[in-house]
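A.B. asks: Chain residues, written in single-letter form:
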Amino acid sequence: MQNLLRLIIRFSFQIIFVILEVIALTLVFQRNPLPHARFFQLSEDVNGFFYTQTNHFIRFFHLTDENSILVTENARLRNELAQRPFKSSGRDSITTFSQPGYVFNYIPAQVVNNSINKQNNYITLNVGYSQGVRQDMGVVGPDGIVGIVRNVSANFSTVISVLNSKFKGSVKLASNNYFGTLSWPGHSYQEAIVTEIPGHAPVYEGDAIITSGLTTIFPEGEKVGSVIQVDRTPAGSFKELKVLLSQDFKKLTRVYVIRNFNKVEQEKLELQTYD
Amino acid sequence: MIDQLNRYVFRFFLVIFFQVLILNNVQFSGYINPYFYIWYILVLPFDTPGWVLLLSAFFLGLGVDVFPQGIAGNGSSLGTHTAATLLIAFMRPSVLRWINPRDEYEPGTYPDSKNYGILWFLSYALIMIGIHHFVLFFLEDLSLRDFLRTLLRVIMSGIFTLIIILFWEGIRFRISR
Chain A
1 MQNLLRLIIR FSFQIIFVIL EVIALTLVFQ RNPLPHARFF QLSEDVNGFF
51 YTQTNHFIRF FHLTDENSIL VTENARLRNE LAQRPFKSSG RDSITTFSQP
101 GYVFNYIPAQ VVNNSINKQN NYITLNVGYS QGVRQDMGVV GPDGIVGIVR
151 NVSANFSTVI SVLNSKFKGS VKLASNNYFG TLSWPGHSYQ EAIVTEIPGH
201 APVYEGDAII TSGLTTIFPE GEKVGSVIQV DRTPAGSFKE LKVLLSQDFK
251 KLTRVYVIRN FNKVEQEKLE LQTYD
Chain B
1 MIDQLNRYVF RFFLVIFFQV LILNNVQFSG YINPYFYIWY ILVLPFDTPG
51 WVLLLSAFFL GLGVDVFPQG IAGNGSSLGT HTAATLLIAF MRPSVLRWIN
101 PRDEYEPGTY PDSKNYGILW FLSYALIMIG IHHFVLFFLE DLSLRDFLRT
151 LLRVIMSGIF TLIIILFWEG IRFRISR
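Chains as they are written, first to last, in this note's numbering: chain A, 1 to 275; chain B, 1 to 177.
Simulated from the structure, these hints should not be mistaken for lab results.
Hints should not be assumed to be uniformly reliable.
[Unchecked claim] If you want the footprint, here are the derived chain B segments under chain A, 3+ residues with CB under 8 Å:
id, segment
1, 42-55
2, 80-86
[Said to hold, decoys possible] Residues of chain A clear of chain B, computed beta-carbon distances all greater than 12 Å:
id, residue
3, I23
4, F60
5, S165
6, Y204
7, T215
The beta-carbon is built from N, C-alpha and C at its ideal position, and this holds for glycine as well.
Here chain A stands alone, though its shape is the one from the complex (with noise of 0.2 Å):
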């Protein structure tokens, strides 16, 4: 016993570090990610504050590229909504009479954090629950996709980033309607690829890649991309894709979440099915 005792003073040190690694390992390789959302839920206000306090200070000197920025998208919409009509009285019109008035409405956010040099990016809204926001909500800069809700605090959400290896988006090309799968190889803030793109599709060289609408997180047709090299996959059957995102994520400020009002009943639908 008095062996075991001195053995043990003996080797404190390495003791203590076995035990306080062996906890940091845990938390590194948990993968049940349930204690980390009760933790983050936690610490995300706390973040938040801190991350609005220092953005109130830097988004000062990005006053005048936010604006120019803001009115190009004013003047996009304009553009958009003065097509409308032409629009909805073509090959559209079928579905009007099924669908209410509405389906998806936009909450602004300001970015308060963000980040583009990791393995996994996210980016944190001053947006969270009281305003609306839920978890696997898509997010929208004014260029194009920017990524999906994933934690939700009173007044915080957290997004996943298209520039993080987790995220998958349904996605199509704009002129001839083939989809695929946009996910994130790690290499470049500004490309990301497509897969699953069938091997007969004609693909060219500055085609235009927007949203699927095949889920319910992003309605169709918001942009993401445009095509800069287009590979074969080694059997010949699927075609990836390189794409240029046309969303600076370097220079994002404003964001808008998308909240579908027929998430909840579509998914309700199909889990039934696929059951």
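Since the structure of chain A is provided, determine the placement of chain B on it from the hints.
C.D. replies: Frame of chain A; chain B shown alone:
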């Protein structure tokens, strides 16, 4: 003694805030993110008891982990700084023994550039930063699929961490002289 303790507690919070509020917002290219905060572990006094060394490393890493750039439930993010910082704290006595200068370390001094010269400090910092960044970036990636790219991140960020630490040592040196 109490004065000394206060100084280290103050310094502890200072490096965490400097790291999370300033350095974590520095985004050069996709590769570079300096981690200056380990300087705290580097220059703790020689006679720091083992358990103090380990516990302060644990809480230092945890402090940086709690405020990462991308927080949201990212399974691989929490704990990486803690694990990496603990490891260098554990290896610190061995590293110090390994690269000891011609004479033994004098009691009452600190392992910094002022006491043992810039060259000695450079090699000391280089070893410690190397271990820390290597563990950190590979834990963050959690795979070896892009080994070379992660290694490049280790090297690039390591260089910047080293530059900031040397720069800071330079400022301290000048002020105290």
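A.B. asks: The structure should be examined with respect to each hint, and the outcome stated for every one.
C.D. replies: To see whether the hints hold, each was checked on the structure:
no., hint, verdict
1, 42-55, "holds (count 4)"
2, 80-86, "holds (count 4)"
3, I23, "violated (8 Å)"
4, F60, "holds (15 Å)"
5, S165, "violated (9 Å)"
6, Y204, "holds (28 Å)"
7, T215, "holds (20 Å)"
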